[in-house]
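K.L.:
Chain by chain, the residues run as shown.
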Amino acid sequence: MSFLTSLFGRKTSAPVARDRLQILLAHERATGEGQSDLLAKLHEEILEVIKRHISVDQDKVQVKMDRGAGVSMLEIDIEVPELKGKPVAEAGGLS
Amino acid sequence: MAKVLVVTSGKGGVGKTTSTAALGAALAQTGKNVVVVDFDVGLRNLDLVMGAERRVVFDLINVVQGDAKLAQALIRDKRVETLSILPASQTRDKDALTPEGVARVMDELREKFDWVICDSPAGIERGAQLAMYHADQAVVVTNPEVSSVRDSDRIIGMLDSTTERAKKGEKIDKHLLLTRYDPARAARGEMLRTEDVLEILSIPLLGIVPESEEVLRASNLGTPVTLSNPNSAPARAYFEAVRRLEGEKLDISVPTERKGLFDWLFKRSVA
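Chains as they are written, first to last, in the UniProt record's numbering: chain C, 1 to 95; chain R, 1 to 271.
Only chain R is shown next, with the shape it has when bound in the complex:
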């Protein structure tokens, strides 16, 4: 049975697209059939972060409007064969996404894939609502920063009221993914701690992705971070997050870069 997962946040720039790419690739790297779907009509970027920007022929709106078949619009990843991307339209009006059309495409995607991961646009408007409407699970991407936490709270409220599952009186599994986390600053009291965010939002924690140079490097290269540097701290955070999505019970940790002897000694002396 396919699972539909929405990656959402309310606030822009917190790492939805990066996380969609990384989670999608990490799931596909375990052999699961995964499609990542860009719902950000007019401002698509998932194709760019995934390195597929030169290969886009058709998009989600073409499929929704019946101008192209789903199979024609899906772009198969060149690195992981079980990973596909369905790009958003760059030019069309976002009103071209009709609820019925999206429902039809989602049904078709459910048949083809194990995981359907929807990258939500920022905001709480139509695009964000359509992206979350069919979700069975949600990953709420949050930065340890006041405006991000507030917007996440708003999005959690929407997940519980405006989605198909909510309307049927069913539960939607919500997970918190804390990104751009700096454990040192949190320890010094300069940044909201994980416990603070969890207490405020009170949804279970899926993972903590530390602030890392590797994330920018991955997007520069057009390669999800779990592929560009699987041993890096953010990649390990995403791999762990994916294991939790698959139901494994793991203790939450903040992955750190594996550094040389000097760093190790330095860390010891600080601890």
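Chain C extracted, bound-state conformation:
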């Protein structure tokens, strides 16, 4: 079978489906019963801390997420106007 699929250059799709579901459900189950998603919490608190120091325009905040099996990525891009010397805050590679 694997010979045939490699011959026709077509992988079966069910293993992809299984992997995707396992990753998704692991995250969703972890966020059930009152526990909030760790990434969502981090995102919320990181923004809170930053807002304490500078006023952030919500339009200038971009949040990207990629929930993986071993590692999840939370990427927060904040455009900071007229800030002297400080780079844009960014958090990534939080598992």
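For the record, the hints were derived by calculation from the structure and aren't laboratory data. Small disclaimer: the values here were computed from a predicted structure and weren't measured. Cβ atoms here follow ideal geometry from the backbone N, Cα and C, with glycine treated the same way. Just to be clear, a hint being listed does not mean it is correct.
[What the hints assert, rightly or not] Okay, derived cross-link-like pairs now, SDA-like style, lysine to any residue, Cα gap no bigger than 25 Å in a straight line:
#1 Lys112/R to Thr30/R
#2 Lys64/C to Gln65/R
#3 Lys167/R to Arg126/R
#4 Lys69/R to Ile50/C
[Unchecked claim] Computed Cβ-Cβ distance ranges for the label pairs, DEER-style:
#5 Arg154/R to Asp59/C: 40 to 48 Å
#6 Ser202/R to Pro81/C: 56 to 64 Å
#7 Asp59/C to Glu100/R: 17 to 25 Å
#8 Ala14/C to Arg126/R: 32 to 40 Å
#9 Arg104/R to Leu21/C: 30 to 38 Å
Starting from the structure of chain C, add chain R where the hints point.
P.N.:
Just chain R, lined up with the frame of chain C:
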């Protein structure tokens, strides 16, 4: 001028989400700016079918309640750059969707996109009504099966009475999308034929999507079928449907898989 399209059916499991993903991707593949919006609060799945489930940060309810800006909640598709998805909330109560909030989001979406495609939840309750309320056009997804046809009839009635357009005395364009169609079984009299369904529902036909292995494969992969296998029969049906949505006049056909010589010969001998 943006067009708002609702993909609805009444009955569950007939292919609303699959069709939303496929139609949305097919329109975006022609260069149109498209957003697909999941209205199925509490049971979102459009993100999964579109392969964006790992990237959801904010959702429709966050935007409706003002917790996030629209731009923050929109997820840009990684394969087609003119395609975006606005996911539904997985956890919140569906009562969090207020008519005013939805109206505001729809106005904003109309400004940003050429097509706003709303994936309705099953049923005829609040969620389904909110999904259809702002629609200019509707795609009624129907299987050639008695309960699906009956529910579609019910939904057509709602489209003509409870939507914003209906309340203003305006017309809402309704299109029938027949899915999971098996031409061989219909020919043998084992399945409602297209003409039967059309006669009963009497709305114009947008397309016939044949039953196909490719549809499950596409959802396994998290890729709309028009992207995962553009030459497959269902993908071609969706591409044709999209051309009709854009106003082209095309003869309706049931796309079939393009197979080898053997299948071709076999088909000939049967015909």
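K.L.:
Each hint needs a verdict: does it hold in this structure or not?
P.N.:
Consistency of the hints with the structure:
1. With a CA separation close to 17 Å, the supplied pair Lys112/R and Thr30/R stays within the 25 Å bound.
2. For the given pair, Lys64/C sits about 20 Å from Gln65/R by alpha-carbon distance, which is consistent with the 25 Å threshold.
3. Distance check on the hinted pair: Lys167/R and Arg126/R sit about 17 Å apart at the alpha-carbon level, within 25 Å; holds.
4. The hinted pair formed by Lys69/R and Ile50/C meets the criterion: a straight-line CA distance of about 18 Å does not exceed 25 Å.
5. As the Cβ distance of Arg154/R to Asp59/C is approximately 42 Å, the hint placing it in 40 to 48 Å holds.
6. At about 58 Å, the CB distance of Ser202/R to Pro81/C agrees with the hint of 56 to 64 Å.
7. Range check, Asp59/C to Glu100/R: Cβ separation about 22 Å, and the 17 to 25 Å hint holds.
8. Checked against the given bound of 32 to 40 Å, the beta carbons of Ala14/C and Arg126/R, roughly 36 Å apart, stay inside it.
9. Look at Arg104/R against Leu21/C: about 34 Å separates their beta carbons, and that is inside 30 to 38 Å.
Violated hints are absent here; each numbered hint is respected by the structure.
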